[in-house]
Amino acid sequence: MLLEIVFLTIVFSHITRKNFGAVLAYSMQSLAIAMVIFNSFLLTGATSLLFIASLVLLVKVIMVPFFLARLIQRHEIKFSVSTYLNVPLTLISIAGLVAVAHSRKFAPLTSIVPANQLLLSLALSAMLLSFFLIINRKGAISQIIGILSLENSIVAFAIFAGLEQSFSLQVGIVSDVFIWFIIATALAFMIYKHFGSLEVTSMKQLKD
Amino acid sequence: MELLFLLSSFLVVALPGLLIRHVGVIEFVSLTASVIALVESFVIAFKVSSVGTYAPMSFFFVDALGAIVMLIIACVGLAVTIYSVRYLRQETLKDIIGFTRVRQYFVLLNLFFAAMFFAATANSPVFTWIFIEATTLATAFLISFYNKSSSIEAAWKYLIINSVGLFLGFFGTLLYFTSLSPIGAEGLVGWRSLVANAIYLDPLVAKIAFIFVLIGYGTKVGLAPMHTWLPDAHSKAPAPISALLSGVLLNVAFATVLRFKVMTDLVAGHAFSQNLLIIFGVISILIASLIILVQKNYKRLLAYSSIENMGIIVLGFGFGGLGAMSALLHMIYHALLKSALFLSAGTIFLKYSSTKIARIKGLLTALPVTSVLFFAGFFAITGMPPFGIFLTKVFILSSGMKTHPMVAGVVMFLMAIVFIGFFNHVTSMVFGKKPSEVKKCEEDIWLVIPPFGLIALALFLSFHLPLFLTTLLNDVVAHY
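If you read the protein sequences in the order shown, they are chains B and R. Read in order, the letters of the first sequence correspond to residues 1 to 208 in our numbering. Read in order, the letters of the second sequence correspond to residues 1001 to 1480 in our numbering.
Derived from the structure by calculation, the hints contain no laboratory data. Check before you lean on any hint, since a few could be wrong.
[To be verified] Below are the PhoX-like pairs computed for lysine-lysine, each with C-alpha atoms no more than 25 Å apart in a straight line: (1) K204(B) <-> K1148(R); (2) K105(B) <-> K193(B); (3) K1207(R) <-> K193(B); (4) K1207(R) <-> K1296(R); (5) K204(B) <-> K1207(R); (6) K105(B) <-> K1207(R); (7) K138(B) <-> K1148(R); (8) K1433(R) <-> K204(B).
[Unchecked claim] Chain R stretches covered by chain B per the calculated footprint, using a threshold of three residues with CB under 8 Å from any CB of chain B: (9) 1099–1111; (10) 1114–1128; (11) 1150–1158; (12) 1166–1175.
Beta carbons: idealized from backbone N, C-alpha and C, even for Gly.
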């Protein structure tokens, strides 16, 4: 159920026109990831997992959406920017990517833990959809959310494939993602200041 | 101990650097950290050449490949730091930047060094990933350093494309950990454990994982078609940073790809990874050579030359055997020469205030020493004797002639195109009549010594390889 939430929030990020909607979807998605990790804590009793779940909750569910919401409010960019493909074509592409993730080509990956084959296919679909979100959306905020969703999808895949890393590594990864987010937000702010828009297509200085 | 001293020296300089209020102090401590790094890197390299590996604690692991990468970072790093001091002083005099920017520069520069050293020496593949990602974070603001629209665009492209690439690389990295599932390993898993357990990898999973790793880290290496960020970032960053990005960072990322190649080869055979490397190598050389021919900006020209040279290095490892040995030497020569070329380009920029090739005329009159260095660098990087790159190119091609004659033939033709393109651009810059607004004055010795030192070192290594370096090179070829 939690992985389905991750998947659906990414689909929602594709079709929503409001930036706030996409930020909220990311927050929900991260909450689902935190709950998956918390669930692992309940099953194993490892306190390190409880710490990681709390860290994810603090960083990805609260802080990142808060900063993104402030960026949107500050620049009054409530509606998201356009996409390269229109909504029907986007939905067709999403269906195609989900089919690819469930195809035999990726069977070696989704069969890593045979009992979780469907879940791993779903996590792989979420990864492909996140990648597509980064490519299809023209807004800097959407690209940030796309990359953060890609990271969440990889984390989900790792959990269900039994590839969780040691405590120190997980803390390192979350910290890295948070610093990345701060820098991406600062650059997005600079883009708005210089180009008057958060649409990446407005940046056309480097064409030679 | 040496490694901890080295790493902490950069962190000690970087973090309190924000509080230092005197430019001279920041410059001095940065130079000191770079000297320490150079000395300690040599100490570690000597140890690795005599013992095989250096692992002072479970977190760190330096093998021959790691030692070579460390030496590259340290040598180029010292030259870049010396050059940066003078370069930033000149920019400050011209009112291009102020004290805050200088401080920000040195803090980020030292963090960048620390991240690269950590990435080259981390024992865990996931830590390596974290620190390679950290290099992206440290350099994003160095690329947008001048706070111009074009540099912000370059920084955004760099951040987004590299982050997507690195997350794909991260996914590939995690897939290699499936080899540990049968034994249920816990805690910090190092490179050696992964290699030892590689036989438990599903060959298909290993192949998919390597594709993700090659595309992911290959983005950072600048391999085509994931290279689009590189010319923008390298041309918009301050010249010393471009030197580090081109000469050092690309090699740090490529060394990581090589580590995963070993694991893949153990279960999927050599042919799979080698064919992929050949494909990416040829595409990179092809795209770079065609763009070099029509390039209008000399910093972008050097950036595309980096894509071409990384393509040659990747191709060498794709051919294997003598090709791999030559590729490794090519990596060292390229790191030294390309950094020297970017530093010379920085001096040219200071003089002409332009990066357009069409606006640079009469370099020989305006900057005689720098123009000679730039010309020598051009000859060396395009593979003219007596520089070592001539031999590495010949050996890589001769190695390819045996197994992939068509590929070797096409690459030889593309190398000729690169030479013609480069020759055309460089001669138009060096010769001709200097614009009247460009005044001829004495060159700053501290802007000349660093590129001269790097070219001299490349020339020295072209004729003589010290014993410890030969041992390291042989060790790398035997393992990778």
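Hints and how they fare:
The suggested pairing of K204(B) with K1148(R) holds, with an alpha-carbon distance near 13 Å, which does not exceed 25 Å. Between the alpha carbons of K105(B) and K193(B) the distance comes to roughly 45 Å, so the proposed pair goes past 25 Å and is violated. Of the supplied pair hints, the one linking K1207(R) and K193(B) is violated, its CA atoms being roughly 44 Å apart against a limit of 25 Å. For the given pair, K1207(R) sits about 40 Å from K1296(R) by alpha-carbon distance, which is inconsistent with the 25 Å threshold.
In summary, the hint linking K204(B) to K1207(R) is not supported, as the alpha carbons are separated by about 38 Å, beyond the 25 Å threshold. Of the supplied pair hints, the one linking K105(B) and K1207(R) holds, its CA atoms being roughly 12 Å apart against a limit of 25 Å. The straight-line distance between the Cα atoms of K138(B) and K1148(R) is roughly 21 Å, inside the 25 Å bound, and the hint therefore holds. Taken as a hint, the K1433(R) and K204(B) pair is broken in the structure, with Cα atoms around 33 Å apart against an allowance of 25 Å.
A stretch counts as covered by a chain when three or more of its residues have a beta carbon under 8 Å from one of that chain; for the region 1099–1111 of chain R and chain B the count is 0, and the coverage is violated. For the region 1114–1128 of chain R, the stated coverage by chain B holds: 3 residues have a C-beta nearer than 8 Å to a C-beta of that chain, and at least 3 were required. Counting residues of the region 1150–1158 of chain R whose beta carbon lies closer than 8 Å to any beta carbon of chain B gives 7, which reaches the threshold of three, so the coverage claim holds. With a threshold of 8 Å between beta carbons, the proposed coverage of the region 1166–1175 of chain R by chain B holds, since 5 of its residues qualify and at least three are required.
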